[in-house]
Amino acid sequence: MPTPVPLSHMPQRFVTFIIAFAGLLSSQKATALQVRLISPAEVVGRQLIVGRAHCAGTTWLLTDSLELTRVFGDSRIAYTSPLRGLRQGEKPWGLACLANGELWTLATPHALARLTADGHVLERVRLERPQLGIYSAGERLLLQDPPAAVGTPLLAVGVPRSGSAFTRWPAPVSRHALSAEEQLRANFVSCGIGVSGYVPCWLVNDARLAIGDGTPAHSTVREFRFARASAGEDGPIWDVALAGASRVWVLTSARAGPGALRLGGRLTRSTRLAEDDGSVELKPAARLIMWATDDRCVLLSATGQLLEVFAP
Amino acid sequence: MTRKPITRKLILMATVAFVLSTNPVWAQPPTQNQCMTQLGACYYWAAAQAGFWSMWAGGIDCELAMIDCIRRSILGR
Chain H
3 MPTPVPLSHM PQRFVTFIIA FAGLLSSQKA TALQVRLISP AEVVGRQLIV
53 GRAHCAGTTW LLTDSLELTR VFGDSRIAYT SPLRGLRQGE KPWGLACLAN
103 GELWTLATPH ALARLTADGH VLERVRLERP QLGIYSAGER LLLQDPPAAV
153 GTPLLAVGVP RSGSAFTRWP APVSRHALSA EEQLRANFVS CGIGVSGYVP
203 CWLVNDARLA IGDGTPAHST VREFRFARAS AGEDGPIWDV ALAGASRVWV
253 LTSARAGPGA LRLGGRLTRS TRLAEDDGSV ELKPAARLIM WATDDRCVLL
303 SATGQLLEVF AP
Chain Z
304 MTRKPITRKL ILMATVAFVL STNPVWAQPP TQNQCMTQLG ACYYWAAAQA
354 GFWSMWAGGI DCELAMIDCI RRSILGR
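For the record, the sequence lines run as chains H and Z.
This note's numbering applies: residue 3 is where the first sequence begins, and numbers increase by one.
This note's numbering applies: residue 304 is where the second sequence begins, and numbers increase by one.
Okay, chain H solo, but in the shape it has when bound (with noise of 0.2 Å):
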């Protein structure tokens, strides 16, 4: 009869050979991402970008130097256009674009005004409370409160021309400062490009997101350790998009670019339970986010042009 093989032995070594066969599909699991230049077109030259908007496929940038760049997403072709019915004085700031195809910013904190797709001034509207920051968030506006009480929300979602109809946007809240300096800049809010009425928010030193709806059911905070990891002297992350379901794009490393403007170096693709799912250093660092989807992101570079990045 042959000899028996010891079981004890036999199970010992599977489990060892399962155990590293799993580390080594775990380890795997953040997809090392691809960058390539698909326009080489200078989409914006070196203005300073002061507002970015995007919905129906396209993308809006506005810039200091008062003009409006519409980039559509399908072709790549950008079109810019001199704001024109703007009063004295008026330096406008923020852009938001709605479902409905509206177009707004910030004319003065005290003022919203609706642009036309070739920069024209065509409606105002009255705000009875300065405002410091406008996004968009499906078919409403979202406004920045200057920070007020300590663990309040910072933003208020409405209809434009709805006057105090506005609502708490549940998150980011403002946070504590030593002095009223500090308080303004702690508390300065950024939002990148939202999906499905859900739109990312955060505070511009803070690595946590914001990602909601404008309901607390379906807000939720969460810390992004690798944007924090990455992060750049002025704040760890730059620039987000959503997309899909569940996917997160987020711009990190802010550093400095000529001329002392901000740059984003690196691109984390994640999810809205803040994974890595792979990243890569961006060479040309990239401005903003232009749009995104569920596997590529476009993005604006320093050299003023189109960038994706996409896993192979």
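Hint data in this document are derived by calculation from the structure and do not stem from the laboratory.
All of these numbers come straight from a predicted model, not from anything done at the bench.
Cβ atoms here follow ideal geometry from the backbone N, Cα and C, with glycine treated the same way.
Careful: at least some of the hints might be erroneous.
[To be verified] Computed, partial: chain H to chain Z, Cβ under 10 Å:
# : residue
1 : Leu-63
2 : Lys-93
3 : Gly-96
4 : Leu-263
5 : Leu-265
6 : Glu-277
7 : Asp-278
8 : Lys-285
9 : Arg-289
With chain H held as given, fit chain Z onto it using these hints.
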């Protein structure tokens, strides 16, 4: 007769070389020190306004301008 075409070519080449040597200037987002300096100057202007309410309104405008300046320095892309 041959000097004129050569001179024109030299001038043209020099002009092209000059243009190529100049770099377009990046838009300069303001520094926070500049914002605070501008605030100080603006307060000085507001204080010179006639009447209390003009001074008060001027001061508020100064602070809103300062906020805009800091916002551009932090969030401008």
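Going down the list of hints, with the structure as the test:
1. Because the smallest distance between the Cβ of Leu-63(H) and any Cβ of chain Z comes to about 9 Å, under 10 Å, the interface hint for this residue holds.
2. At about 6 Å, the closest approach between the beta carbon of Lys-93(H) and any beta carbon in chain Z falls short of 10 Å, and the interface hint on this residue holds.
3. Checking Gly-96(H) against chain Z: minimum C-beta separation of about 9 Å stays under 10 Å; hint holds.
4. Interface restraint check: Leu-263(H) against chain Z, minimum CB-CB distance 6 Å, threshold 10 Å, status holds.
5. The criterion of a C-beta within 10 Å of any C-beta in chain Z is met by Leu-265(H), whose closest approach is roughly 8 Å, and the hint holds.
6. With 10 Å as the threshold, the beta carbon of Glu-277(H) stays out of range of chain Z, its nearest partner Cβ sitting at about 26 Å, so the hint is violated.
7. Here the hint on Asp-278(H) is broken, as its CB sits about 24 Å from the closest CB of chain Z, past 10 Å.
8. Of the supplied interface hints, the one on Lys-285(H) is violated, with its beta-carbon coming no nearer than about 18 Å to a beta-carbon of chain Z, more than 10 Å.
9. Because the beta carbon of Arg-289(H) sits about 5 Å from the nearest beta carbon in chain Z, less than 10 Å, this interface hint is met.
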